[in-house]
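J.: Just need the whole structure built from these sequences, with the hints factored in.
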Amino acid sequence: MEHKTATLNDKRIAYTDETEFLVQVGRYEKGGYRTRYGFTGNLAQAVAYFNAINIGNGYKKRLLMPSANKPVLARAAS
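Going left to right, the sequence shown walks through residues 1423 to 1500 as the numbering used here numbers them.
Calculated from the structure, these hints are not laboratory results.
Every value quoted in this text rests on a predicted model; they were computed, and no experiment measured them.
Treat the hints with caution; some may be incorrect.
[To be verified] Okay, derived cross-link-like pairs now, DSS-like style, lysine-lysine, Cα gap no bigger than 25 Å in a straight line: (1) K1482 with K1433; (2) K1482 with K1452; (3) K1492 with K1433; (4) K1492 with K1482; (5) K1492 with K1426; (6) K1452 with K1426.
[What the hints assert, rightly or not] Derived CB-CB ranges, DEER-like: (7) G1480 with E1440: 33 to 39 Å; (8) H1425 with Y1450: 35 to 41 Å; (9) V1494 with N1464: 16 to 22 Å; (10) N1491 with Y1450: 24 to 30 Å; (11) P1493 with K1452: 18 to 24 Å; (12) Y1481 with E1440: 15 to 21 Å; (13) Y1455 with H1425: 24 to 30 Å; (14) V1494 with A1474: 14 to 20 Å; (15) N1479 with E1424: 38 to 44 Å; (16) H1425 with R1458: 24 to 30 Å; (17) G1480 with T1457: 16 to 22 Å; (18) A1498 with G1463: 34 to 40 Å; (19) H1425 with R1497: 21 to 27 Å; (20) N1491 with T1457: 19 to 25 Å.
By construction, the Cβ of each residue, glycine as well, lies at the ideal position given by its N, Cα and C atoms.
T.: As structure tokens, this is what we get:
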């Protein structure tokens, strides 16, 4: 198991090569999220996919690390 650290939005994130990252998309303010992409141990690829999603009116997206104390790493809404 390899331990890694990265900086995202001025926050240090510690993870391993087995950590799961999820990119989720939802609709409307009170709507739920659906997982679009899942990555294991690759934060850079998860961030790239998160940034590549183009959200339109009423949509929202988030980058999630379920094993963390505060699992939402990044969030955006339109």
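J.: Enumerate the violated hints, using their earlier numbering and listing them in ascending order.
T.: 6, 12 and 18
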